[in-house]
Amino acid sequence: MNYLAHAFLSFDQEQVLVGNFIGDFVKGNSLDSYPEGIQVGVFLHRRIDAYTDSHPLVKAGQSYLKPHFGRYSTVITDIFFDYYLANNWSKYSAEPLEKFIDRTYRTMHKYRELLPERFMGMFHYMSKQNWLLQYAKIEGMQSSLTGLSKRTRFDSKMEQAHLYLLEFEAEFEVIFLAFFEDLISFAKRKLKEIELEYGCH
Numbered sequence: 100m101n102y103l104a105h106a107f108l109s110f111d112q113e114q115v116l117v118g119n120f121i122g123d124f125v126k127g128n129s130l131d132s133y134p135e136g137i138q139v140g141v142f143l144h145r146r147i148d149a150y151t152d153s154h155p156l157v158k159a160g161q162s163y164l165k166p167h168f169g170r171y172s173t174v175i176t177d178i179f180f181d182y183y184l185a186n187n188w189s190k191y192s193a194e195p196l197e198k199f200i201d202r203t204y205r206t207m208h209k210y211r212e213l214l215p216e217r218f219m220g221m222f223h224y225m226s227k228q229n230w231l232l233q234y235a236k237i238e239g240m241q242s243s244l245t246g247l248s249k250r251t252r253f254d255s256k257m258e259q260a261h262l263y264l265l266e267f268e269a270e271f272e273v274i275f276l277a278f279f280e281d282l283i284s285f286a287k288r289k290l291k292e293i294e295l296e297y298g299c300h
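Note that our numbering gives residue 207 to position 108 of the sequence shown, counting from 1, and the numbers run on in steps of one.
Don't read these hints as lab results, they were simulated from the structure. As the structure is a prediction and not an experimental result, all values here were calculated from the model. One or more hints might be untrue.
Claimed, not checked - Mimicking DSBU-like on lysine-lysine, the simulated pairs with C-alpha atoms at most 35 Å apart in a straight line are:
| id | residue 1 | residue 2 |
| --- | --- | --- |
| 1 | Lys190 | Lys256 |
| 2 | Lys249 | Lys209 |
| 3 | Lys249 | Lys227 |
| 4 | Lys256 | Lys165 |
| 5 | Lys158 | Lys256 |
| 6 | Lys249 | Lys236 |
| 7 | Lys126 | Lys236 |
| 8 | Lys209 | Lys126 |
| 9 | Lys289 | Lys209 |
| 10 | Lys291 | Lys158 |
| 11 | Lys227 | Lys289 |
| 12 | Lys227 | Lys291 |
| 13 | Lys289 | Lys158 |
| 14 | Lys190 | Lys236 |
| 15 | Lys165 | Lys209 |
| 16 | Lys287 | Lys236 |
| 17 | Lys287 | Lys165 |
| 18 | Lys256 | Lys227 |
| 19 | Lys287 | Lys209 |
| 20 | Lys236 | Lys198 |
| 21 | Lys287 | Lys190 |
| 22 | Lys249 | Lys291 |
| 23 | Lys126 | Lys227 |
| 24 | Lys256 | Lys236 |
| 25 | Lys256 | Lys291 |
| 26 | Lys291 | Lys126 |
| 27 | Lys126 | Lys198 |
| 28 | Lys190 | Lys289 |
| 29 | Lys249 | Lys165 |
| 30 | Lys291 | Lys236 |
| 31 | Lys190 | Lys209 |
| 32 | Lys209 | Lys227 |
| 33 | Lys165 | Lys289 |
| 34 | Lys126 | Lys158 |
| 35 | Lys227 | Lys287 |
| 36 | Lys236 | Lys209 |
| 37 | Lys190 | Lys158 |
| 38 | Lys126 | Lys256 |
| 39 | Lys236 | Lys158 |
| 40 | Lys165 | Lys190 |
Build out the structure end to end from the sequences listed, making use of the hints.
Shown next, in the form of structure tokens:
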């Protein structure tokens with residue numbers, strides 16, 4: 100999943116949010132240097148990603164993309180799902196999306212001294228350009244996917260992926276809505292398991 104989904108699936112726990120947000124930037128033994136709550140968030144991030152990658156509904160969505168984008172279809176669906184989460188936000192939260200996003204940025208800034216330098220370099224642009232809110236727009240999708248395309252080693256063609264979102268928008272929305280209900284239940288259950296395992300709460 101992408102950043103907006105990981106933030107939402109932290110269920111309003113500050114340190115879990117931080118860990119969930121930086122999960123891709125924490126490697127090996129460096130995890131031990133973080134407070135327990137952030138460690139829980141990193142572990143939750145990894146469980147969410149593994150569950151997403153193996154889910155049959157997600158694979159069904161990727162089937163629209165694989166003929167053109169190959170292995171990059173997994174990255175593209177993650178970003179597409181943030182588009183649908185942003186546009187269906189009121190189904191999942193009573194808090195306005197803009198307020199949730201502002202709170203997320205403030206939380207990350209609060210813990211900035213603890214966070215990986217590589218993450219903070221990216222986060223500077225994320226917060227300045229408000230990527231999380233931009234995910235709600237096709238133009239934001241295009242910008243995000245084009246930025247990723249420029250950073251790939253091979254010709255990913257991801258700068259064209261927003262056209263598939265337009266072409267299959269209804270199909271992807273059906274997939275997202277069904278899948279995200281499963282993911283919410285999984286993430287809540289997994290968070291409790293991880294907290295028990297690591298002696299939190």
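* Asked: Taken at face value, is the distance from the CA of Lys165 to the CA of Lys256 at most 35 Å?
  -> holds, 12 Å
* Is Lys126 close enough to Lys198, meaning Cα to Cα at most 35 Å? -> holds, 31 Å
* Does Lys289 pair with Lys209 here, judged by a C-alpha cut-off of 35 Å? -> holds, 26 Å
* If you draw a straight line from the CA of Lys165 to the CA of Lys190, is it 35 Å or shorter? -> Satisfied, since the Cα-Cα distance of roughly 29 Å is no more than 35 Å.
* Asked: Given the proposed pairing of Lys249 with Lys236, does the C-alpha separation stay at or below 35 Å?
  -> It holds: about 20 Å lies between the C-alpha atoms, which stays within 35 Å.
* Asked: Lys236 and Lys209: Cα distance at most 35 Å?
  -> holds, 28 Å
* 35 Å limit on alpha-carbon distance, applied to hinted pair Lys236 and Lys158 -> Distance ~24 Å between Lys236 and Lys158 Cα, so the pair holds.
* Are the Cα atoms of Lys249 and Lys209 separated by 35 Å or less? -> Judged against 35 Å, a Cα distance of about 30 Å means the pair holds.
* To do: Take the C-alpha atoms of Lys165 and Lys209, compute the straight-line distance between them, and say whether it is at most 35 Å.
  => violated, 39 Å
* Straight-line Cα separation of Lys236 and Lys198 no greater than 35 Å? -> Holds, at roughly 17 Å.
* Asked: Given the proposed pairing of Lys158 with Lys256, does the C-alpha separation stay at or below 35 Å?
  -> The given pair, whose Cα atoms are some 19 Å apart, holds under the 35 Å limit.
* Asked: Do the alpha carbons of Lys287 and Lys236 lie within 35 Å of each other, as the hint requires?
  -> holds, 28 Å
Checked against the numbered hints given earlier, this structure breaks hints 15, 22, 25; the rest are met.
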